[in-house]
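Asker: Spelled out, the chains give:
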Amino acid sequence: MPKTLTILLMSGSAENEDAEFATRLAQAAVKKGHKVQMYLFGNAVNISKKEFPIQGDLHIQQRLVEHIEPTKCFGRVAELTKAGADVSTCHTNEHARGIESREYVEGVKWGDVGGTFAKYLMTTDVLLSVGH
Amino acid sequence: MLFFVNKPDEKMLERIARTGGDEVKALLLAGDAVCFASPCWRERLEAMDVDAVYAAGDALAARKITASNLCEAVDYDEIVDLLLGGDEKVVSL
Numbered sequence: 001m002p003k004t005l006t007i008l009l010m011s012g013s014a015e016n017e018d019a020e021f022a023t024r025l026a027q028a029a030v031k032k033g034h035k036v037q038m039y040l041f042g043n044a045v046n047i048s049k050k051e052f053p054i055q056g057d058l059h060i061q062q063r064l065v066e067h068i069e070p071t072k073c074f075g076r077v078a079e080l081t082k083a084g085a086d087v088s089t090c091h092t093n094e095h096a097r098g099i100e101s102r103e104y105v106e107g108v109k110w111g112d113v114g115g116t117f118a119k120y121l122m123t124t125d126v127l128l129s130v131g132h
Numbered sequence: 133m134l135f136f137v138n139k140p141d142e143k144m145l146e147r148i149a150r151t152g153g154d155e156v157k158a159l160l161l162a163g164d165a166v167c168f169a170s171p172c173w174r175e176r177l178e179a180m181d182v183d184a185v186y187a188a189g190d191a192l193a194a195r196k197i198t199a200s201n202l203c204e205a206v207d208y209d210e211i212v213d214l215l216l217g218g219d220e221k222v223v224s225l
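Top to bottom, those sequences are chains S and W.
Per our numbering, the very first residue in the first sequence carries number 1; after that it's consecutive.
Per our numbering, the very first residue in the second sequence carries number 133; after that it's consecutive.
None of these hints come from the bench; they were simulated from the model.
Since this is a predicted model, take the numbers as computed values, not measurements.
Built from N, CA and C at the ideal position, the CB exists for glycine as well.
Among the clues, some could well be false.
[Stated by the list, open to error] List of simulated lysine-lysine pairs, DSS-like, C-alpha gap at most 27 Å: (1) W/Lys221 with S/Lys3; (2) S/Lys72 with W/Lys221; (3) S/Lys35 with W/Lys196.
[Claimed, not checked] Here are some of the chain W residues that sit facing chain S, going by a computed Cβ distance under 10 Å: (4) Phe136; (5) Asp154; (6) Glu155; (7) Ala158; (8) Ala191.
[Claimed, not checked] Which bits of chain S does chain W cover? Going by a derived footprint, with three or more residues having C-beta under 8 Å, they are: (9) 18 to 24; (10) 125 to 132.
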């Protein structure tokens, strides 16, 4: 029987494995027919925004680039929303990081704790909090 | 009671013991917390009434950790089933 999983993600993709774990878990849950609600809070709001790649030399060693690139979650977040996951952010955390006006990854929605997250909590079967 | 743990801090075990009380406990480990799947933690976990330990297989493999026989490596599909397949209470630490 399909259930609803709400994931509160509080880490971005660069500081630890939380974002990778949460997005891969969300993908597996959606694939199994469950409903997924993901709320991006704290540094996790960084994965809600489209990437702005720089042009020219990165000044980063190739080995390090090859390590970093697979850890980015922007693409997976877009795949998640396309597959039906409900992903939204805490806009106050975006504002605090100076990124509120930046364009969202496809399908990600503006949100807030009092409205969006409260609704998630009231409609979920399981809440998983992923952060450090 | 299923405890989700992603931090390798030993204090997590104290929290699990306090929160879970006398209930039979299972752990779902991810990230650096998969260190608790190694054999050196087995006795401590059993003393806390932990009867099952599930660890994210990719995190175990990335760290080359050999899990104790109390622990089962799980993939994301299996983690979904652990979280949503029953009525067990899930506690995130």
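Asker: Evaluate each hint against the coordinates.
Answerer: Here's how the hints hold up against the structure:
About 14 Å separates the Cα atoms of W/Lys221 and S/Lys3, which keeps this hinted pair within 27 Å; it holds. The straight-line distance between the Cα atoms of S/Lys72 and W/Lys221 is roughly 31 Å, outside the 27 Å bound, and the hint therefore fails. A C-alpha spacing of about 33 Å is found between S/Lys35 and W/Lys196, which places the hinted pair above 27 Å, so the restraint is violated. The interface hint given for W/Phe136 holds, since its Cβ lies 6 Å from the closest Cβ of chain S, which is under the 10 Å cut-off.
Interface hint status for W/Asp154: violated, as the beta-carbon distance to the closest one in chain S is roughly 23 Å, over 10 Å. For W/Glu155, the interface hint is violated, since its Cβ never comes within 10 Å of a Cβ in chain S; the closest pair sits about 17 Å apart. The restraint placing W/Ala158 at the interface with chain S is violated, with a minimum CB-CB distance near 14 Å, outside the 10 Å limit. Taking 10 Å as the C-beta contact cut-off toward chain S, the hint placing W/Ala191 at the interface holds, the least distance being around 7 Å.
Look at the region 18 to 24 of chain S against chain W: 3 of its residues bring a Cβ nearer than 8 Å to a Cβ of that chain, three or more, so the hint holds. Counting residues of the region 125 to 132 of chain S whose CB lies closer than 8 Å to any CB of chain W gives 7, which reaches the minimum of 3, so the coverage claim holds.
Of the numbered hints stated above, those contradicted by the structure are hints 2, 3, 5, 6, 7, listed in ascending order.
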